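Here is how the chains run, residue by residue.
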Amino acid sequence: MKIAVCIKRVPDSETRVKIAPDGKSLDEAGVKFVLNPYDEFAVEEALRRKEQAGAGEVVIVCLGPAAAQETIRSALAMGADRGVLLQTDRIPADGFEVAKALAAELKDGGWDLILFGKMAIDDYNHQVGPMVAELLGLACVTAVAHLELAPGTGTAEREIEGGIEVVEFPLPAVLTTEKGLNEPRYPALKGIMAAKKKPLPTKPVALPPGGIEVLALLPPAERKDGRIVGEGPDAVAELVRLLREDAKVL
Amino acid sequence: MAPKFQGVDFYDVDGLLSEEERAVRDTVRAWVDDNLIPIIGEHYVEGKFPKHLVPQMAELGLFGANLPEEYGCAGLNNVAYGLIMQELERGDSGVRSFASVQGALVMYPIHAFGSEEQKRRWLPRMASGEVIGCFGLTEPDYGSNPAAMITVAKGTKDGWLLNGAKMWITNGSTASVAIVWAKTGKLDDVESIRGFIVPADTKGFSAKDQKGKLSLRASDTSELVLQDVCLPKDAILPKSGGLKSPLSCLTQARYGIAWGAVGAAMACYDEAVGYAKSRVMFGKPIGGFQLQQARLAEMLTEITKAQLLCLQLGRLKDQGKVTPQQVSLAKRNNVDIATEVAREARRLLGANGILAEYQAMRHLANLESVYTYEGTHDIHTLILGQEITGLNAFN
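So the protein lines, in turn, are chains A and B. With this note's numbering applied, the first sequence covers 443 to 692. With this note's numbering applied, the second sequence covers 76 to 470.
Heads up, a few of these hints could be off.
What the hints assert, rightly or not - One side of the interface only, derived from the structure: several residues of chain A facing chain B at Cβ under 8 Å:
# : residue
1 : Pro629
2 : Leu631
3 : Lys639
Treat the hints as calculated values from the structure; they're not laboratory data. No experiment lies behind these values; they were computed from the predicted model shown. C-beta: ideal position from N, C-alpha, C; glycine also.
Just chain A, with the same shape it has in the complex (with noise of 0.2 Å):
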């Protein structure tokens, strides 16, 4: 099995960010960068086929600023065999220009399985994992909560509304990982060690824009203090007349 697997560099979830003074970028003075938690389920999965299989490769494709040397280190922790940076310090907007830039690097890769996360958790685009697998010819499932992998063929099923959706794929071909797949390894301590010693080659790229321009970043509204419209039976009216002129959810 042979497999890549492209992940991101993405804010701590629970870090407070604050909107650099430009007004359209993160001040990242402070932030605390982690690997994109959709992407550790892609990670762990591509380290359970390998093992299954009991033999391969694991190659960790990440595309981002020197620093995102260290959150691809945090995946050779976990096992993976080595990693490659696409090196730039603006990753553009447009996804389509990550994936074009990530497309060249895998298509010749003679990968069996190539996963990502199903979005990153800093934009919740949702689109450079089917983006690449357009690029390069191949069958893409996306939002993957459960796998099953015979020779040259794969079935997958996805969380829909109401239900499952299963969907069979030919090898090779481009997977998006949901939560639920599969539970991350810890990467241990042997592992943070050896992962110093594995390659890690650098490659700057170049991006241009592409076609989307973020002109603003605005931090959510402050949420209103809710307030209580009365008690027993007779609050009822009132409140639903509120529901359904003011707050417009009924």
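Fit chain B to the given chain A structure using the hints.
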């Protein structure tokens, strides 16, 4: 799900750590959040060591993590090792104690004083958690004064015959092997103290849990009895000699305790800050009152000082320059401030502070043991006093 612990880092101490050191800290921190924090309160109340966590800790590589890879250990530096202790004790002092005993008090002396054969026989199985160890130095009547121990090992035709009793032994009843310190000569011959590897299934060896503890309740503490325990010749740690051998083990463990105490203090501070911002009294969060702010400011100040103390101590240890007296200063200071932080956190939490649902009182009760074990606060005062003046005030 409970929020993930974000650490306490007012002086960007993180910036002084290497990438590997941070990665080690983060992995243990995440493990503690996911596996220890959710169950520790209940185990503490029931007085049960969470033994089911031992295989997971072993798999992560937490036991003897600063010992070499050739014996199945992680081969980390001492700062990374310290960070492991910090994160474990952020969960609970009893669980950190378990790891301290396994690594610093059992694996370390086998590595430092054992034969190559002993090292190969025991260390990989201890790193993997297959074998759990305990350390028998303290006796019922000899705590701060281990030189006066009365456990003896008599040379026989085939090996050794051990007699005596040990007390306050962490992991005692759980362990399948004990490092027992005994005099091989006359009772006034301190230089004759040697270490012995005693499998717990040896005839004449027994361990009994000490009951009624109000501290370290999620940890086993036992009394060991050695009654005509026959051991083969190669049970002795060949390179051990005199009281300085067990004391050097204690220096290793005290080093980890200095870091561990910071973890307990960070947990209490973190809890206190969260509570102060959310608990409303007299119409505003109690964090808005000067008395609580003074508490929090004091806690953060002492934690920050203790963090920097640990880090420089670890750097000195990695350079091979650390002295036992420097370790004493850190153990003495950090456990003391951690106890104080836990107490103030407990008070800030008001009535809620006495519940096992919160952490502060559990840490406070634990830290009273940590204050007392591995050289009491007072003994470390005398160690420093002797270092400063050159005058011995022990007796």
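*Go through the numbered hints given earlier and state which of them the structure violates, listing their numbers in rising order.*
3
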